[in-house]
Each structure stands twice: as C-alpha cells, then as structure tokens.
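> This is what each chain is made of:
2 protein chains.
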Amino acid sequence: MAELVKGPLDGLRIIDLTRVLSGPFCTMILGDLGADVIKIEPPKGDPVRAQGTMTEGHSGYFAGFNRNKRSVVLDLYSPAGKAALSRLLADADVLVENFRPGTLEKLGLSAGALKALNPRLIVASVNGYGSQGPYVDRPAFDFIAQAMSGFMGVNGAADGPPMRAAPPVSDLVAGIYAAVGILAAVQGRERTGKGQTVEVAMVNGLLSLMAYLSSEYFATNELPQRTGNDHPLVYPYGLFRCSDGQIAVANSHDQILRRFLDTLDLGWVMTDPRYDSNPKRMAAREELRSLIDNRMAGNTQDHWLDVLNAAGVPCGLVQDLAQVFADPQVTAQEMVIETPVQDGPALKVLGFPIKLGSTPCALHRPVPRLGGHTGEVLAEAGLSEAEIAGLG
Amino acid sequence: MAELVKGPLDGLRIIDLTRVLSGPFCTMILGDLGADVIKIEPPKGDPVRAQGTMTEGHSGYFAGFNRNKRSVVLDLYSPAGKAALSRLLADADVLVENFRPGTLEKLGLSAGALKALNPRLIVASVNGYGSQGPYVDRPAFDFIAQAMSGFMGVNGAADGPPMRAAPPVSDLVAGIYAAVGILAAVQGRERTGKGQTVEVAMVNGLLSLMAYLSSEYFATNELPQRTGNDHPLVYPYGLFRCSDGQIAVANSHDQILRRFLDTLDLGWVMTDPRYDSNPKRMAAREELRSLIDNRMAGNTQDHWLDVLNAAGVPCGLVQDLAQVFADPQVTAQEMVIETPVQDGPALKVLGFPIKLGSTPCALHRPVPRLGGHTGEVLAEAGLSEAEIAGLG
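So the sequences go chain by chain: A and B. First residue of the first sequence: 1, per full-length UniProt numbering; consecutive thereafter. First residue of the second sequence: 1, per full-length UniProt numbering; consecutive thereafter.
Chain A extracted, bound-state conformation (with noise of 0.2 Å):
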C-alpha cells in the first residue's frame, strides 16, 4: 500500500453517488487509476455491503467494487447532508451517479443547480434506457437489459432458448463505456474550461456490442440465427475432443485451418474433392467432426494446446473458475490480488485489467467501512467539528 508511484488520475476527485453495480464499478476503474473516490453513502450504506457469502463479516462481492474508495456517510435527505454534499461538489470534478433519471432533480441537484454549483462539474449518469424517449421511468436491471437490447437473442444453442449471460454485462460494460465518457470530458474540459454531462444507458451499452450481428442484419434484412458454440458461417471450429477432455480450436480463415489439419496429420482434407471449400466442409460437419475428434482422441488436451498454440492455431481449454484462477497466466498478469479492508482481513479481488507502464493502476486505498472517512472527507472540505457531528 505505500503508494510510490502516484496514478495517471491523481489530483481527479469523484463524487460517486451510485451503488449496486454499474456506477460503483465505474469508479473502482477510476480510482484504481488513481482518482480520489469519494463515495457518499445513505446510513445504511451500499447494499451490496450486505450481500454475498461474508468473510470475517466482509462482502467479498462488495470488496470487488470498492477498492480505492473512500466512504462518507450522508443523509441526503436531510438539509444538513445535502448542504454537505453541495460542499463537496464546488470543489469536485466528476458527479457520477446510477439513479433512475429524474432522482437527481428530486434531490435538488438539476442541471442548473450543479451548473451554478460549479461549472467546472462533469455530470456523470449510469442508467438502463437513457434520460431521453418513451422507457425514460421504467426500472432497470441487467436481465432486463440482456433481454431488451438484442444480446439474448443471438445467444444459446441453435435448438434453445436465447441465453443470457451469467455475468452482469450490461451493468459492467456500461461502467466501463461512463469510464471513457468521463475521462473524454475531462480532457475536453481542458479547452472549454466547462464540465458537461454524460450519460451510458445499459442498454445502449450491450447494444453497441453487436458487430457483425448488426452489420449483418443492416445489409441483408434477414435476422441471426442462434448457433451456440459453433461459427454460423465457417467449419471446422468449435470443440473437439482430445483423450481427457475437449478443447475450443478457432479456425477463423483457411491459412489457420491448414496449420490445424496439418497438425494432426490431416492435411489432405484441404484438397480432397469432398471437402475442399468451406461450403463442402459445412456440409460434410458431421463426417469432418469424427476425422478429428478421432484423431484428438489419441492425445491429451496439454499435447494438443501445445502443439496447436505452436503452429499458430488459436485453441485453449473452456476453463471453469477453479482453472481459470490456477492458470498460470492468469498468475502472471497479476489477476488476482488481495486488497485490505478497512477494519477487516484482506480479500482476494480481481485485479487490474488495464495496464499501465509508468503508473499503474494500484491499491492506493483499502476498501472502506461505512462511512469511515466522513470525519475526514469533511473537514477537507472545510467542515468544522460542529457541523461534523451535526450530521450524525
């Protein structure tokens, strides 16, 4: 934790607003880089802090959202925690908040309030739809979001039902996308001198995930179908099965193939009559398939990883949590790490995706308790003791 190399976002201070999932991930992104999170929290706190399986009366799930965050308790439904909040933000440079559009305004905090407030503020929003159009007061939740967006639909079995994704996506990836807005915000704060508002919808988000599937559709009218895990239009690909398991091999061209069936001695097949385009191979899946399952079944997935990844052919192991946290190159990115908690033992997180060469995200601050740097948050921004404790 002794923090000798300071990140790139030193010196940015947050006023995070938002709970759960989506808004509180944005601002883990941000501070691991080095932001000053300062997370305001209603009396009974976050309530994820409550959630999952405890560890010496910590959430693990809430240690995974919090870290490099500072926690001040306020009511901001009294006068005093919103004249204390208003404090905070003449001197801030981000607002994020997750609410339902509309709630900032119910809290006194409208545009023009924040803008007479300190103009400098970027206003930042995390919702489900948006703040503008016909679903602007529906509830909304990553379901939903999977549902509503498309990303469902395209997903699952040829012979199933659409397939949500077990992660929360559409909460994750719309913090990350309010990440982008932000920083973009800052930089064009440094011409304009002007904060300005941002706003990721959830759906949106997923929505902006579809690539080809959107291309496609755009061009032809003609709607994707579901195909599991095999490429809609290219075979062989998918997973095959070695002698103790199987393995995902992506053929994605006819170079890549090559390596492949040379690997296993099945070169020939690229010029067989039968099976010499990838329309015939796509038809003939079924016989193709038994070639090389039978030809895998000879070895290991280990051999075959090794061999393949050798001659350039993308491949690896659908990997369970359990492999995925032993895997060694998980170990070397420095994926899991162990954050303290404030008042609590360390617990294992997830670590830093972004890496940074000259300073790197880091630990810069535990996880906190509820409302364990209010007394100090406070008194920064120049709150005496009186009105300190006047809050409480």
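Calculated directly from the structure, the hints in this document are not laboratory data.
A pair holds if it fits inside one copy or across any two, identical chains being indistinguishable in the list.
Simulated pairs of lysine-lysine, DSS-like, Cα-Cα distance not exceeding 27 Å:
hint	residue 1	residue 2
1	K348	K6
2	K44	K82
3	K6	K115
4	K194	K82
5	K115	K82
Assemble the complex: chain A is given as a structure, and chain B must be docked to it using the hints.
Same frame as chain A, now just chain B:
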C-alpha cells in the same frame, strides 16, 4: 457532417496500426469523441474491408468499426513506409496496435525507439493474453478468450454445455478498456509530460467482468453452477408466458417481488405459509411458475410490460434484432445512424453509447476508402509530393 461542435478529444492525434476488431473498436470510440484517428493500412487493407455482406461494394461490417477515421496506406515492411510512419509518430499523441506481442519490435518500433522518437507518445496495445507470462506467444481469438477467461464456463443452461456469447465480447470489452487506459495516460501526461505504455489483454478484460461469480468463488471455494436464464438464488425470476409470448421479469428482491405479485393479484403468495420465504419459493418453483404463467396467460406482453413497469418491476421483451431496431426507445436514443462512406453509399451503423451534453459524439468523418487520405495526411506531416509519390 457539418461540424459545428468539436468533440472533447479534438486535437488528440492517434496513429492506428490496428486491424479487424479489438483495436479498431477502441480507435472508433476515440474518433467518435473527436480524436483525429489515422488508420494505417497495408496495401491490401484491413481484412474486414472484404468481410460481411457488401452494399454497393462496401462492407457494413467495416463501416461499423471504422467511421471517423482517415486511411493512409503504408507498407511497413519497406524503408520508405517505415520512414513515413516515423514522421507521423513524431507528431502524434497515441499509437494503438493489436499485433501479437513482439511485432512492434520486429517493425523497428521497440519501446526504446518509440521513446527516442517521441517521449510524449502513448503506446497502447490490445492483445489476447498480455505481453508477460507463459502464453505470450499464443495466437488469440475471441472464442478462445471467452473459453480461457471462464466466461463461457459460467454461461449456459443448467443441464447444457458451457456457452459462448455470439458477439465478440472479448475483443470489444478489451477495446473499450483500452480507450479508458489511453485517456488516463493522456491525463497523466498533463502532469508528467511523458507518454507511457497501455496494455489490455482480451482474457483479462472478460475475466474482470466475473463480479459476484468470482467473489463467491474466492469466499467459498465452490464453483458457480450454470443456471441458464434463472437466477441462482431467487425465485420467481426469469421468463414467464403471456398470451402472445414470454417476457423477462427480474424480481431481484422481496420489495419488487411484492409489487410483481400484487400486480398479478397474487399478493397472498407472500404470506402463504407454503411460500413466505425465498427458500420456500425456490423449493416450490414449479407450483409458483404455473400460478404465475396462468395469470399472465390472461393478457398480452404489451399489457404486462405496461402495468409491471408502471409498478416498478423491471421487465422486458427478449427482443430479436428486428424488434430492437424497431423499438421506439432505441430510436429515441439514436442507436442506429447512417454514416457516409467515401466513394460509397450511406450505410446504417450502430449509434453512440456515450452521450455527452455539450460536445457529443458525432460523425466527424466518413468511413474512409483504402488510402483515401494518404496524400493529405503525409503532406500535413511535411512529406513532399515526390516523397509521397515514392511510397506508391
């Protein structure tokens, strides 16, 4: 296209050596925000130019990843091409590449050489596994990153295989993270005056989305089970049948569940001794499902979406892409736009997920034809007409 408002990244110059997906997605996000993205392409061009269905000879797939860029053709294996690239880099803010680790060095662009050329340059890399660790030389591909990161392993039906997501999520999430890292490094440079490296690996990016799945594993050492579209811990939750099709309902906690059941005139369930706790409801899943389906079968999807959303219950359709693109909310959010294409037709592409209030994302430049700006960009960099002609 008349640009009245400059984007927040106006003035930021990005030299983009990336191709296919992860890198081009990163640089498009920065271009949407106003950066000057100069896409360096080999004489044959980014392979995506030739992929997907063509509209009047132009790939919508390419358009969806390459609006707001200029295209310069350089043969980086020729001395003149290398020299021209060096001229561009000397004056740039950011270099982005998504080669396999080590390729930049082979092009003569080692970290030391780049620093000597331009100490303010930020050098960003997107790759599969990261540039440190035992898998550094492995080829990467989205499907493999989904498998290796554990993402596939947690997705899918309880009685089915691990299931990839159809969109190339590992490429795209890494691309968004890279945009965060680049903008953080730009911000850090304000203080230090120096550039640095930024790296995002596809596997790390997806792994970072494991949320409570990873924190529960860390806390309990038990692997998460696949649960398809059901919630692992809460019932009723999931898909329910109306008279004309299913809707998704996320009763994420008791307060919302009470609203849901009240709206269905099933409020008594919450106090019935058979169902008055979540564990009892989990055990009585099939009884409750038929109670609810029977009630919902009495009316349409539209009816239930209206009354449940109004009651504050997160719910929605599992939309296919035709429904998504006809959705009035998606229209109101301008999530489908038309981009001009140099020498080609206007093409539909996805809109901007990041909404900024004062300096919004915009179409600053058409999708470039291959080399459409070679002369213009190299002349700006001070190359003579003869030098530019000599590259051809």
